[in-house]
Every structure is written in C-alpha cells, then in structure tokens.
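A.B. asks: Residues per chain, in single letters:
There are 2 protein chains.
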Amino acid sequence: MGAKYTKRSEDYSKWYNELIERADLAEHSDVRGCMVIKPYGYAIWEKIKEVLDAKFKETGHDNAYFPLFIPKSYLSKEAEHVEGFAKECAVVTHYRLKNSDNGEVVVDPEAKLEEELIVRPTSETIIWNSFKSWVQSYRDLPLKINQWANVVRWEMRTRLFLRTAEFLWQEGHTAHATKQEAIEEAEQMLHIYADVLEQYMAIPVVRGLKTASERFAGAEETYCIEALMQDGKALQAGTSHFLGQNFAKAFDVKFADKDGALEHVWATSWGVSTRLIGGLLMTHSDDEGLVLPPKLAPIQVAIVPIYKNEDQLNAISEKVAILKKNLSEKGISVKFDDDDNRRPGWKFAEYEAKGVPVRVAIGPRDLENEKAEVARRDTKEKEIVDWSTVDQYIVDLLDEIQENLLTKASDFTQENTTEVNSYDEFKKVLEEKGGFISAHWDGSEETEQKIKEETKATIRCIPLNRKQEAGNCVYSGNPSEGRVLFAKAY
Amino acid sequence: MGAKYTKRSEDYSKWYNELIERADLAEHSDVRGCMVIKPYGYAIWEKIKEVLDAKFKETGHDNAYFPLFIPKSYLSKEAEHVEGFAKECAVVTHYRLKNSDNGEVVVDPEAKLEEELIVRPTSETIIWNSFKSWVQSYRDLPLKINQWANVVRWEMRTRLFLRTAEFLWQEGHTAHATKQEAIEEAEQMLHIYADVLEQYMAIPVVRGLKTASERFAGAEETYCIEALMQDGKALQAGTSHFLGQNFAKAFDVKFADKDGALEHVWATSWGVSTRLIGGLLMTHSDDEGLVLPPKLAPIQVAIVPIYKNEDQLNAISEKVAILKKNLSEKGISVKFDDDDNRRPGWKFAEYEAKGVPVRVAIGPRDLENEKAEVARRDTKEKEIVDWSTVDQYIVDLLDEIQENLLTKASDFTQENTTEVNSYDEFKKVLEEKGGFISAHWDGSEETEQKIKEETKATIRCIPLNRKQEAGNCVYSGNPSEGRVLFAKAY
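Chains as they are written, first to last, in this note's numbering: chain A, 1 to 490; chain B, 1001 to 1490.
Hints listed in this document are in silico derivations from the structure and should not be mistaken for laboratory results. As the structure is a prediction and not an experimental result, all values here were calculated from the model. There may be inaccurate statements among the hints.
[What the hints assert, rightly or not] Here are the simulated DMTMM-like pairs of lysine to aspartate or glutamate, each with C-alpha atoms no more than 20 Å apart in a straight line: (1) A:112 to B:1058; (2) B:1087 to A:108; (3) B:1047 to A:24; (4) A:57 to B:1140; (5) A:324 to B:1058; (6) A:144 to B:1337; (7) A:49 to B:1050; (8) B:1049 to A:50; (9) A:49 to B:1053; (10) A:354 to A:24; (11) B:1112 to A:114; (12) A:347 to B:1050; (13) B:1112 to A:108.
[As the list claims (entries may be wrong)] Covered stretches of chain A, as calculated for chain B (at least 3 residues, CB under 8 Å): (14) 26-35; (15) 54-67; (16) 78-92; (17) 118-131; (18) 137-150.
For each residue, glycine too, the CB sits at the ideal point set by N, CA and C.
Whole structure, please, built from the sequences with the hints as guidance.
C.D. replies: Written out as structure tokens, the structure reads:
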C-alpha cells in the first residue's frame, strides 16, 4: 500500500519486472540467467500445463521422458541443428568433486568424461536416437510423443519468463509414414496452441510460417503463433516444426511399408514454454498489477470480510461458507481471506496485484441488506449484488471477464496492425506506433536482413490466412506475392 | 508369444529386466546411467504423481520450481551435506561449444565458467538460499514448498527405475517456527507416503527411523518407509528428514518471532522418486509379466473381441461401446482392442505382460448367450459373467484385486519377517530365507558396520511402532532397548 510503482506508460520494461515482484510470481536466482518460479507463478504454469496436456492426449499423444544429457556427438549429427544450438549450451565435463589439499571443494580432474555431455537445449537428437529402435514397420507409426521437461540455453541477456537460461516447456516429437501426415500434424499442433492461447489465455495470435532465416535449426518449415504485447512488440508464443526427413536421415530411422520397402520417416516437433506466462502478463496486466483470465487464475474469487468485531466476522463467515461451497461445486476456486493481521484495503491491493478476476467484499451493512459488493479486476467496476443471486452473478461475471479480455486484446491487436505501402511509411509506423506492420516483401533473405539491420524489425511470420495479393516489396520494389507481418519482437 | 522369459525363481534380476522390456516401460539410453521412460512407464508415474500431488496440496503445500544448477560453493555450506553429495555429481564447467579447425565440435575453452555449476543431486542448498529472502517474520511461516523435478547422481552401477544417474522425483522443503512443528511435518509426510504406497500401490511398508549412519547428509533424523520385495530384499521407498536448524544456519535463515526476537527456522525435506515404480514392479509382478494395482493401472480393463468376420466384430463392437461408456462414467479406463492385425492370444499375452488388471473376452457364442469371459490378472482366474451384470462385476472386481494385492504382499512381508535371537540364527535366516530380520542391536555404529561387512545386511530402520523390549544385541551381547529390522537391500 502506498508504494509507488512504475506505470506502463513510463517504463514498460520496469513495469514488467515490478509486476512480477508485486504478484510474487518469480525471481532471479543467484545462478546466472536461471529463475525461481514461486508458488503463484507455478500455479499459473500448472493451469496452462493441464489444459495443454489434456489436448495433447485427446489428439493421441503419449507422454514420455528422455535423458537431460545429450552426448556432444549427437548434436553434430544434424548439420544445421548443431549450428543453431551449440553456441549456447551448458557442458558437463566432469562427474565428481573432491576435497583439495587446502580443504576446498574442487572438481576432480580424474573424473573427466570421455565425451562431454550437453544439457539439452531441445531434445530432437536424443529422442531420434531412441526412435531408431522404436520404429521398424508402418505399424509403429505414427509415433506421437510429448515430453514435459526443463531445458537450458545459455542466454546472455535474460528476463523473467521471457528469456531465461533454464526454462520449463513441453516438446512434442512425432514420426509419420508420409510427408502429408507430418505436415498435418505440425499444423494441427499449431492450431491447438493457438486455440489454447485464445480460449484460455485470452491472447489473440496470428498463425503463420517463419521465413527461412527464422526457421528452427533442422526444420523444413516452422509454423508459429505470434502475439502482440501492449507495448507494440511481438512475442513468438509457440512454434511447430515440420522436420522433413532430416532427423530420420541423421539418426537412420526407417520403416518398412506394407510392401516391405524401407523408407525414412517424416517428423515434426513443437513446443511452448514458461515464456507463455510472460506473454500472459504483457497482454492483460495494467498499472495496478496482474490481470488474469478466469480460466487460468489460481484464485478466481477472493472474498474479503469487513468487520469491527468477532460477532460480525462470525456472521459473515457463516454466510460466506455457503457461497464458497456453491461456487466450489461449480469448479470455481474461492479464497476467503479472514486473516486478521491485514486490513481490507491491503487485501484489495494484493488481490489486484495478483490479478484475481473477481473480488467480493462483505461488511455488516451488506449483511443487514442481504447484499455484497462484487468488483471485477479487468474493468475495476463494482456492483452491489443481491446475496440471493450472487453465486450465479459471479459465474456469469467470470465468463464475461474471460470474453472481455480476449475482445480487448483482439481489438488492440487489430488497431495495432497497420498496412503500409512504402518503406518511409514502414519506418514511420514502426517508430511512432509500433505493432504489426503488414507489408509486401520480395521473399529474399537479403531484403529481410537489411530491414532488420536498419529498423530492428523482423518478419514475425507469413500469415497462414494472408490474401494472395500481388504487390511490390516496400524495400526493394521487387514483385511480392503477398504481405507479411513485421514487428520488433521480444 | 512363445518367447522364453526368465522366471523369478531362476534369476530374479534378469526377470526384472525382462519384465520392464516386455511391458515396454523403460530402456537404457546411450547416456551412461540415464534411462528413457517410455509411454507406458510414464503413464504409471503420472498416476503416482497425481495421487501424491493432491495429498501434498490437501496438506497445504505449494509447488514451485528452483534452478537445475547449484553453484559449487553452495554445496559446501552445509558440511555434512557436501560430504554426502559431492562424490557423485555432474559438473558443468563450460557454456559453449565451437567448431574446431578440423571441423569437429569441441568445447570452447574461452567459455569456462568462473564457478562450476553442479546439476542438482537434491535441492536443499539452492532452495534454502531462496528461503533466506522469503522468510522474515513468523507470519511467513510455515513455508511449505514442493518441487517436481529431475535430479542427477552419478551412480556407477545402475538399474532401470531402482538406481539411475538421472531420475524424476518430488522434493518437499519446509520451514517452521518451532522444532516440534518441523518434526510433526516430517512425520506427517512419512505417513502420507506410507498411505499412498499401501492404499494405491498396494505395497505394505514398515515406517521407521534410520540409524545415524544411514541418515540423509545434513539431517538430524531421517524417517523412512521400507518395503520387502519378492526376492526377500528390502527397498527404501521414501524418506522424510527432520533437518533441525542445519540448513537455516548454513544459509542464515532467521525469522522474527512475535516479540521481535530473531531465531533460526526449523526445517524438513522429503522425497520419493521414479524408484517407486521399481518397487511396484518387484512387489506384485509374476512370471507372466506385470501385475498392476487397479488404482495405478493406465488401462484398467482391456476388452478383446473374438470374431471370424466383420459382422461378428460389428455386433461385438456395438455391445462393447455401451459397456465402455458405462465403465468410463465410473472413472474406469477401458481399452477395446479391435486391432485386426493381431490374434486374440497375442493380445491376451500382451495385456498380461502389461499387468492390465481385468481382461474381458467376448466372442460370437458369448454374444448369443449374453455372456462375457472376465479374467483377473492377479490370480489369473476366469469367470463367465452375465452381460447384464458385467459392469458392476468389473467395478467390484477391481476393488477386490486392489485389496487382494495388498493382502498378498502384506502376508508375504509378515511371513518374511523373522525374529532372531542369536547371530548364528541371524546369519542362517539371512542366507536361507532372507527378508526382514528383527533383532536386538546395541545401538553402536561399530556393531552396525561389522554386521554389514560380515553379512551385507544393513539396518533398514528402527520401526516407529516397535515394542520397548529390553534384550541383548545379537552381535555384541550388549544391552539393547528394542529390536531393529535388518535386511539386504536394493
């Protein structure tokens, strides 16, 4: 209470960091680039996991678990893959410590590994090495595996949730008999990601393809979902890769078809990570703190009693117990905060900071009048509601908040997606407005690179639903088949 | 079908390895000591996790996530802890690879870490380093955190599930204002573990205390649950530690009590791991494969149609659809295996190998007679059941199997727990019968050590419910306060 926090308009980046601290979501650890995900942040991750895991299982994927360590030589088996990932990895070289002569704990030089182990930055190589013995015939296909795991990429500049050296994620890895089936799988998973973001996280996304230069190392095609944050920068929220036969060839994974002929299998991989939490924060939150969509809020309703003596508290508690029971039966998570050590105003501010969608306050006068004050976090509107209808009111309100957050974010994304037709216009919009810039591009990596160098904007994606529209590249003037989306990005 | 598998009586260890392969639970990876947990094995782990996680949350614990890496210096902060864990850890010394002049991928010598990082063998040190800033006043206590994570201990001799370099586990870490509260927490978690093993895994356990020499490195007291495997060897299935103020002192975690006085907090930690799956396998399985308790079986009922033509299959499928729906509504997982590529006999053998508790077979004659054949995996008994009552029959049968497995394992444990009163008797029972040996011990580490050297039997625990009974140590003849349990152990 009373603490001064940075506003979004003042310093977005500082606001973001303070937001995480105020809501008690995570913190930097003493280990460079690694974060501690605190209980409230982890509870949000658990909600996201639960939704995704159910969708993966519904679509026939099985969870499994593969080693944390990857032999160095595996990384090298797929040429592009090693280029992409060898630069930024944690390397295990020894397997023992010992006491030195002066009593310090040191690495035992005699316990050096023959081959160094890499802490997985992603698991294609170790998984495809297993797939080799799992796949023999067409009957073993499709093989659809998912793994929930921690991965490590040695990032030099880190930000909580958005970019950390260690992060949590899921990685799907599938093997198919045909190219077509693998492409369909990659697309299916992209749409599952998009649906979860829109329907649960209330984050509207653009579904698209990455350009060649932004593809996953080892992929033939990378599908992505891109979301627009409140500061006008884009966030890559998830990717799904069609890997062709690259890993199958690197690890010699073949199957016998119905006629007994041996063929390499076709592959996909796809992943989303704790980065999604960063996207969630930056899409909805405001200067008072977090704003959580009800479907992912660990606490959906906080009830704060206002009382002057124990009799009043008891009377309130009695009534609230029934409400809590009714709501719980509908699957709504309710916290009744009767902690006597904190004043109601302090609690209000805390639940605001934590983004609890609905707050109910009930005092002695409300008791008398059979009313309660119901406040919604997203618009900060308050309503006095009859106690007899308050449970249904809350149920409806949660739905309304969920919907409103998506509408608001969709409107924002639409308002901040600008079609431009010249490079001057491109630069002007980028500088003054930000957001997605829809522009014709000639399809060359050279142009893409030059625009990036000159403006820091990158091609976020070639939207899947873009119009086929002939035009001229805003940069080179060369012919273009359609518009792509540019933006500065996280 | 037809393959010859090793029997338990021939070679228990080989039988165990084959069991895992037959049921397709896990396999060794190419990374020394690390396993791949395959979908069926992982599905069992997910069931175990789900049960435990719910119990942790019910008792007020929050999940969180801490870094994979621990700075080397942290390990050294608690003197006994480093002695216990430094011997067997993976050490990260570099953070980058590069291409060498001859095109190989090598460790970049310029990317050497200033301080080496240890891949967590357990997380007390990194977590207590965080707790330092999380705990200020008595109002922050108790702090009850759990983490689901992978950990690495560089084991030289590994066995799938029982002892692997990397394994999955949960580790609880709590901080309390009083010694008494911390001890109660450690005991509560032990009882939760024991209840989950008995009520869900159908594994009877002895609840006890470890002797000083077997305590967790850094603990004041280690509680444990010990289970007896079918070969008469004991398995430590879970531990819960009262850590005193050791870690609070090492990491300077103090709280202000109600009067403002600063005190170090009191701690516990507790964990169970994928080792539980090893215990599950070795408790119930037989020469035909896995036997799973219904509460943890990924597939509880497998239905196999027997037919000669498509009409018959269609008729069976129609009937089965209703049964499947009825059972699913009761929360029972059913697999209808109408795969046309495999014969019924092959399917029977597979579901036996996978330990599916109930198998239903239905053929044309069963259709006519409105019957089905229901086989239970545990006793291999079959029964012809009226179709009209088959769903309730299966519901009851699953309960009966669950109960039967626990009874059978409890009887086995009781029959293989032998009181001995002399060292000769001790050695004779150990050699000829195995199992738990209940014997008087003088309480000295010297005796414990000598018995271990001479017989390979260790003190598994001092049972919590042991009788206070004066006696004489079977080894030294010195006075003893009560019996302890010895066994050879995994």
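A.B. asks: Work down the list of hints and note, for each, if the structure agrees.
C.D. replies: Comparing the hints with the structure gives:
Of the pairs offered as hints, the one joining residue 112 (chain A) and residue 1058 (chain B) is violated, with about 45 Å between alpha carbons and a cut-off of 20 Å exceeded. With a C-alpha separation of about 9 Å, the suggested pair residue 1087 (chain B) and residue 108 (chain A) falls inside the 20 Å cut-off, and the hint holds. A hinted pair counts as satisfied when its Cα atoms are at most 20 Å apart, and residue 1047 (chain B) with residue 24 (chain A) does not qualify at roughly 30 Å. A distance of roughly 39 Å separates the Cα atoms of residue 57 (chain A) and residue 1140 (chain B); the hinted pair therefore is violated under the 20 Å criterion.
In summary, the hint linking residue 324 (chain A) to residue 1058 (chain B) is supported, as the alpha carbons are separated by about 17 Å, within the 20 Å threshold. Restraint check: the Cα-Cα separation between residue 144 (chain A) and residue 1337 (chain B) comes to about 19 Å, which is no more than 20 Å; the hinted pair holds. Simply put, residue 49 (chain A) and residue 1050 (chain B) have alpha-carbon atoms about 13 Å apart, close enough for the 20 Å limit, and the pair holds. A threshold of 20 Å between alpha carbons decides the hint, and for residue 1049 (chain B) with residue 50 (chain A) the separation of about 13 Å falls inside it, so the pair holds.
As the CA atoms of residue 49 (chain A) and residue 1053 (chain B) are separated by approximately 14 Å, the hinted pair is consistent with the 20 Å bound. Under the criterion of a C-alpha separation no larger than 20 Å, the hint pairing residue 354 (chain A) with residue 24 (chain A) is consistent with the structure, at around 8 Å. For the proposed pair residue 1112 (chain B) and residue 114 (chain A), the alpha carbon gap of about 18 Å is at most 20 Å, so the pair holds. This hinted pair does not check out: residue 347 (chain A) and residue 1050 (chain B) have alpha carbons roughly 32 Å apart, beyond 20 Å.
Simply put, residue 1112 (chain B) and residue 108 (chain A) have alpha-carbon atoms about 16 Å apart, close enough for the 20 Å limit, and the pair holds. Only when three residues or more bring their CB closer than 8 Å to a CB of chain B does the claim for the segment 26-35 of chain A stand; here the count is 6, and the claim holds. For the segment 54-67 of chain A, the stated coverage by chain B holds: 6 residues have a C-beta nearer than 8 Å to a C-beta of that chain, and at least 3 were required. Only when three residues or more bring their CB closer than 8 Å to a CB of chain B does the claim for the segment 78-92 of chain A stand; here the count is 8, and the claim holds.
Counting residues of the segment 118-131 of chain A whose CB lies closer than 8 Å to any CB of chain B gives 5, so the stated coverage by that chain holds, three being the minimum. Residues of the segment 137-150 of chain A with a Cβ under 8 Å from some Cβ of chain B number 4, which satisfies the need for three, so the listed coverage holds.
Violated hints, listed in ascending order, are 1, 3, 4, 12; each of the other numbered hints is respected by the structure.
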